[in-house]
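Quick mapping for you: the protein sequence lines, in order, are chains A and B. Residue 74 in the working numbering sits at position 74 of the first sequence, with consecutive numbering throughout. Residue 224 in the working numbering sits at position 224 of the second sequence, with consecutive numbering throughout.
In short, the hints are calculated from the structure, not lab data. Owing to the predicted nature of the structure, the values given are computational and were not obtained by experimental measurement. Among these hints, one or two may not hold up.
Sample of chain B residues at the chain A side, in silico, Cβ under 8 Å [claimed, not checked]: (1) 197; (2) 235; (3) 239; (4) 243; (5) 247; (6) 250; (7) 251; (8) 254; (9) 277; (10) 280; (11) 296; (12) 297; (13) 304; (14) 306; (15) 310.
Here are the simulated DSS-like cross-link-like pairs (lysine-lysine), alpha carbons at most 30 Å apart as the crow flies [claimed, not checked]: (16) 70/B with 240/A; (17) 22/A with 55/A; (18) 181/B with 263/A.
Pairwise CB distance ranges, derived in the manner of DEER restraints [said to hold, decoys possible]: (19) 208/B with 241/A: 21 to 29 Å; (20) 69/B with 181/A: 30 to 38 Å; (21) 265/A with 124/B: 47 to 55 Å; (22) 259/B with 301/A: 50 to 58 Å; (23) 255/B with 181/A: 30 to 38 Å; (24) 265/A with 154/B: 43 to 51 Å; (25) 125/A with 265/B: 28 to 36 Å; (26) 243/A with 21/B: 40 to 48 Å; (27) 294/A with 83/B: 57 to 65 Å.
No residue lacks a Cβ here, since even glycine has one placed at the ideal position from N, Cα and C.
Protein chains: 2
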Amino acid sequence: MFKILDCTIRDGGYYTNWDFDKPLVDQYIQSMNQLPVDYLEIGYRSIAIKDYLGKYFYSPVYELEDLRKKSGKKLVIILNEKDIRVEHLNEVLGPVRGLIDMVRIAIDPEHLGRALILAEGVKKMGFEVGFNVMYMSKWKQYGDFIKELKNVDGIADYFYMVDSYGGVYPNDVIETIGLVKAETSVKIGFHGHNNLEMALINSLTAIEHGAEIIDATVWGMGRGAGNLKTELFLTVLNSKFGLPVNFNALGNVVNAFDAVLEKYGWGTNLPYMISGSNSLPQKDVMDWVTTRFYSFNSIIQALQNQKEKVKDN
Amino acid sequence: MFKILDCTIRDGGYYTNWDFDKPLVDQYIQSMNQLPVDYLEIGYRSIAIKDYLGKYFYSPVYELEDLRKKSGKKLVIILNEKDIRVEHLNEVLGPVRGLIDMVRIAIDPEHLGRALILAEGVKKMGFEVGFNVMYMSKWKQYGDFIKELKNVDGIADYFYMVDSYGGVYPNDVIETIGLVKAETSVKIGFHGHNNLEMALINSLTAIEHGAEIIDATVWGMGRGAGNLKTELFLTVLNSKFGLPVNFNALGNVVNAFDAVLEKYGWGTNLPYMISGSNSLPQKDVMDWVTTRFYSFNSIIQALQNQKEKVKDN
């Protein structure tokens, strides 16, 4: 059986700036204890960053100690490879040994080599290591990236294909898994975005073709159009494959995030659909959509311009 | 090239009780004139029904005359087979000859024989005829239903598979198309529901396997969890197959329904996911969810009970 990783708090933080009310997090942890989810990613760990970023961007030790006591699941934090070097590891990860089970690393394919050095350091500290490699729809454009994947063996426990733009289809998932499997025997993961409402079918397709871990979040809470919805994934695994699911616990955690959804209103819409289906960066779209300052049509116009520019290059 | 039918007003009427502000309908018609959509289904026609039902449940002649003037598209109305007999046709359809291009008939598979008689009457009046046959996930359980499909040839112009429960997957679509094609050469249509966020992939799969008409609605507005989103479908057809789309017009019509979405809040959620993935009737769930009187968990409990009952039978 493949594993499920819920990263609601970490990925949802893009909307709350990584501030979450403690009672909500506690409700989340308690519900997850009763659900067939294996890993909970509860935030980033980071050296100090200039901008203001909330608690779960730093995941302080006192908080991790508290969650470790309350949670029966494997706990996960993620590092942004672009910000963290091997010399930061003692500061960033030293204090969380014994609290955290897996450390994931968010990786730009351009920096795979640097990420491998960082990951070796993480691995030596005794953590499971997950690679979250972004921009899977463009991997073939990154020179030798695919060939270099053989170096991942023995370092990464999971190697995630991240559909950063939310624009891949089941056939792309199958093709990319084939490319990865030709180079390495690492366990494959999939992190889907929902711009085109493809997160579920892409995840099911990934599993069918051998993926061993899938990411999901409650109500799909996550950057931009959001992710595979945990409640959708579990409901389908229950009806299709007989996975036992405590629907009361699932209802409780969905309910708990209801007010947060009402406030932030993530989910797909026309601007995210356009950016997803044309592999345009999500960050701008999310800024434009969430400030609610721009009309849909001015956003759409800006995206059309980006599309033309991409075509012209 | 397959055809696209937008049925926002007809299917969205389940939320508004078929009342829509006239300026919204006019904006809709005007935007659709600029979009690559072939048919617009703007309501039901019906004999008088006991309950109060709004304008677009009856689609009065003065309204159809107005829309006929404003729209460059083929116009469609739908009949509920359960309410309409062949002797009603003069009253119900006589006055709309020349205004309406296609008449669809919503059909319970159990009443295919009766529907064929009604459809012959409709066809004789000069309309294109669409069959919208419900409950596709259960067709194999309806005795000789599949075999009787040979009688559809020459009567129906389009024969729709309707995923009433919102629970079918691409493989089911492929299998059902195969069953239908073995019996009849009628043009196949697909009307998808979005409980499991499968409407897009199911529709794309249907096209790939020979479907010739697809239903969609703006923001997915439609009964229960709603339908394939017109804006998602067009955006994907644009990026994947180069279909020319006027994104300003698309943005305008999406915008126009924004306030309606805010008010009625359709779309999928855990209760719809559970009912969809277990082929449970949608009407109850929609009543429970939209009154906002019941907690998610009491709805979920009720659905679990229905599931058990179905299993016990």
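Here's how the hints hold up against the structure:
{"no.": "1", "hint": "197", "in the structure": "4 Å, holds"}
{"no.": "2", "hint": "235", "in the structure": "4 Å, holds"}
{"no.": "3", "hint": "239", "in the structure": "4 Å, holds"}
{"no.": "4", "hint": "243", "in the structure": "12 Å, violated"}
{"no.": "5", "hint": "247", "in the structure": "5 Å, holds"}
{"no.": "6", "hint": "250", "in the structure": "7 Å, holds"}
{"no.": "7", "hint": "251", "in the structure": "4 Å, holds"}
{"no.": "8", "hint": "254", "in the structure": "5 Å, holds"}
{"no.": "9", "hint": "277", "in the structure": "4 Å, holds"}
{"no.": "10", "hint": "280", "in the structure": "10 Å, violated"}
{"no.": "11", "hint": "296", "in the structure": "5 Å, holds"}
{"no.": "12", "hint": "297", "in the structure": "4 Å, holds"}
{"no.": "13", "hint": "304", "in the structure": "6 Å, holds"}
{"no.": "14", "hint": "306", "in the structure": "12 Å, violated"}
{"no.": "15", "hint": "310", "in the structure": "11 Å, violated"}
{"no.": "16", "hint": "70/B with 240/A", "in the structure": "47 Å, violated"}
{"no.": "17", "hint": "22/A with 55/A", "in the structure": "10 Å, holds"}
{"no.": "18", "hint": "181/B with 263/A", "in the structure": "48 Å, violated"}
{"no.": "19", "hint": "208/B with 241/A: 21 to 29 Å", "in the structure": "25 Å, holds"}
{"no.": "20", "hint": "69/B with 181/A: 30 to 38 Å", "in the structure": "60 Å, violated"}
{"no.": "21", "hint": "265/A with 124/B: 47 to 55 Å", "in the structure": "51 Å, holds"}
{"no.": "22", "hint": "259/B with 301/A: 50 to 58 Å", "in the structure": "22 Å, violated"}
{"no.": "23", "hint": "255/B with 181/A: 30 to 38 Å", "in the structure": "45 Å, violated"}
{"no.": "24", "hint": "265/A with 154/B: 43 to 51 Å", "in the structure": "50 Å, holds"}
{"no.": "25", "hint": "125/A with 265/B: 28 to 36 Å", "in the structure": "47 Å, violated"}
{"no.": "26", "hint": "243/A with 21/B: 40 to 48 Å", "in the structure": "45 Å, holds"}
{"no.": "27", "hint": "294/A with 83/B: 57 to 65 Å", "in the structure": "46 Å, violated"}
The structure is inconsistent with the numbered hints 4, 10, 14, 15, 16, 18, 20, 22, 23, 25, 27, although it conforms to all the rest.
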